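*Asks:* Sequence:
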Amino acid sequence: MTASRYGHVFAALKDGCPSAWVTYTQHPFVTGLGDGTLPRAAFLHYLVQDYVFLVHFARAWSLGVVKAETLDEMKICASTVNALVNHEMALHVKTCAAEGIDEEKIFGAKEEVANLAYTRFVMDSGLQGDFLDLIAALAPCCFGYGEIGLTLAVNATPDTPYADWIATYANDDYQQVMIAVGQMLDAAVIRRLGPDYRQSPRWARLQTRFTVATELEAGFWDMGLRGT
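Its first residue numbered 118, the sequence shown is counted upward by one per residue in the working numbering.
Among the hints, a few may not be true.
[To be verified] Heads up, simulated DSS-like pairs for lysine-lysine below, C-alpha to C-alpha not over 30 Å straight-line: (1) Lys192 to Lys211; (2) Lys227 to Lys211; (3) Lys211 to Lys222.
[What the hints assert, rightly or not] So the derived label-pair ranges between C-beta atoms look like this: (4) Gly344 to Lys192: 11 to 21 Å; (5) Thr154 to Ala284: 14 to 24 Å; (6) Ala234 to Gln292: 24 to 34 Å; (7) Gln245 to Ala207: 28 to 38 Å; (8) Pro275 to Lys227: 14 to 24 Å; (9) Thr154 to Leu233: 21 to 31 Å; (10) Pro275 to Ala234: 31 to 41 Å; (11) Gly225 to Pro156: 22 to 32 Å.
Just so you know, the hints here were simulated from the structure itself, not pulled from any lab data. It should be emphasised that the depicted structure is a prediction, and the values quoted were computed from it without experimental measurement. Backbone N, C-alpha and C define an ideal beta-carbon position, used for all residues, glycine too.
Please model the entire structure based on the sequences and the hints provided.
*Replies:* Take a look at the structure:
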C-alpha cells in the first residue's frame, strides 16, 4: 500500500481505485493549471461552479458534526467548514471579482449537471449512510486537491497565471487541515471497524463511495474544460 501524508485509510482507499485516481489528479485541466495553458474561460467557468460546489461541500461537512461520535470528530468537521467558508471560498471571490463577477452572482449561478451529480452524491452518502460513508465521499476532494497542490507547486512553470490557485492548496494552512482530517479518518475507521478494517464487510461500500466520488471529481474537471 502506498504511504500517504494524509493517513493509512486514505492510502488504502486510493490504492483501491488507481486508474480513477490518476484520471482525476493528472487530468488535462490539472496539467493546464500547472503549465499555464488552461484557457482563462475554462478556469473561470470552473471557478464559479466550484464556488457553488463548496457551498454544498461545507453543508456536507456540517452534516459530519451531526453524524460524529466523538468530540474530536466534531472539532475537525467544524474546523473544515470554517476553512471552506472563510478561506478557500475567498480565493474564488477574489479571482472572480477581478474579472468583474461579484459574489452574489457566483453564489446564485446555475449548477451544471456534473456539479449537481457530485454534490448530491456526497449529501446522499451522509444522509443515507453514517459518518464513515460521508467522509469516504468527501475524501477525494479534500486529499486530491492537497496532492495536486503539492505536485503543481513543485512542477508548475514559474509564470503560470494560476499560481494563486496552486498556492491555496499547497500552502501549509491547507495541508495541515488535511493532515488533521486524515488522522481523524484513521481514528474514526479504527473506532468503528477495528484495526483490520479492510477485512470488514463495510469496507467494500466505503471503497465504492470513495471511487465514485473520485470519478465525479474527474467529471468536474471535464465540465470545466467544456466552459471554453
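*Asks:* Does each hint hold? Answer for all of them.
*Replies:* Evaluated hints:
1. As the CA atoms of Lys192 and Lys211 are separated by approximately 28 Å, the hinted pair is consistent with the 30 Å bound.
2. The hinted pair formed by Lys227 and Lys211 meets the criterion: a straight-line CA distance of about 20 Å does not exceed 30 Å.
3. For a cut-off of 30 Å, the pair hint linking Lys211 to Lys222 stands: about 13 Å separates their Cα positions.
4. Range check, Gly344 to Lys192: Cβ separation about 37 Å, and the 11 to 21 Å hint is violated.
5. A C-beta distance of roughly 19 Å is found between Thr154 and Ala284, which places it inside the suggested range of 14 to 24 Å.
6. The hinted range of 24 to 34 Å is satisfied by Ala234 and Gln292, whose Cβ atoms lie roughly 28 Å apart.
7. As the Cβ distance of Gln245 to Ala207 is approximately 32 Å, the hint placing it in 28 to 38 Å holds.
8. In this structure, Pro275 and Lys227 break the distance hint of 14 to 24 Å, their C-beta atoms being roughly 36 Å apart.
9. At about 28 Å, the CB distance of Thr154 to Leu233 agrees with the hint of 21 to 31 Å.
10. At roughly 36 Å, the beta-carbon separation of Pro275 and Ala234 lies within the given 31 to 41 Å, and the hint holds.
11. About 24 Å separates the C-beta atoms of Gly225 and Pro156, a value consistent with the hinted range of 22 to 32 Å.
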